[in-house]
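Enquirer: Sequence:
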Amino acid sequence: MVLHLTAHFSGHVQGVGFRYQTQRIAQEFEVSGFVQNLADGRVLVEAEGEPAEAEGFLAEIRLQMKVFIRDTEEKRENRARTFQGFVIKR
2 MVLHLTAHFS GHVQGVGFRY QTQRIAQEFE VSGFVQNLAD GRVLVEAEGE
52 PAEAEGFLAE IRLQMKVFIR DTEEKRENRA RTFQGFVIKR
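Just so we're aligned: the sequence shown equals residues 2 to 91 in this note's numbering.
Hints listed in this document are in silico derivations from the structure and should not be mistaken for laboratory results.
Every residue, glycine too, gets a C-beta built ideally from N, C-alpha and C.
Among the hints, a few may not be true.
Estimated spans, in silico, between C-beta atoms of each pair [to be verified]:
hint, residue 1, residue 2, range
1, 2, 40, 29 to 35 Å
2, 29, 7, 17 to 23 Å
3, 82, 18, 27 to 33 Å
4, 21, 81, 16 to 22 Å
5, 17, 81, 30 to 36 Å
Kindly produce the complete structure, drawing on both the sequences and the hints.
Expert: Okay, here's the thing in structure tokens:
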């Protein structure tokens, strides 16, 4: 079982390198999952890993991208690992 995080970021989060920076941040943590632009202008991040790694990853996104983020909706759950690697979805 791992901690699975789902986060929807809103604000000026598309067209500013948010997905690429998120993928770069993911390389600093032991997390897997994906980042994806949504049609409604938000960015979706799904990540899983040990709790400290997953929470640290999300905190680092908020820290590094705070000038672009207006709001974040987050959901946490413990479940079996489903992802391998961290990718950008189109």
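Enquirer: Run every hint past the structure and note whether it holds.
Expert: Going through the hints against the structure:
| no. | hint | in the structure |
| --- | --- | --- |
| 1 | 2 / 40: 29 to 35 Å | holds, 32 Å |
| 2 | 29 / 7: 17 to 23 Å | holds, 20 Å |
| 3 | 82 / 18: 27 to 33 Å | holds, 28 Å |
| 4 | 21 / 81: 16 to 22 Å | violated, 29 Å |
| 5 | 17 / 81: 30 to 36 Å | holds, 34 Å |
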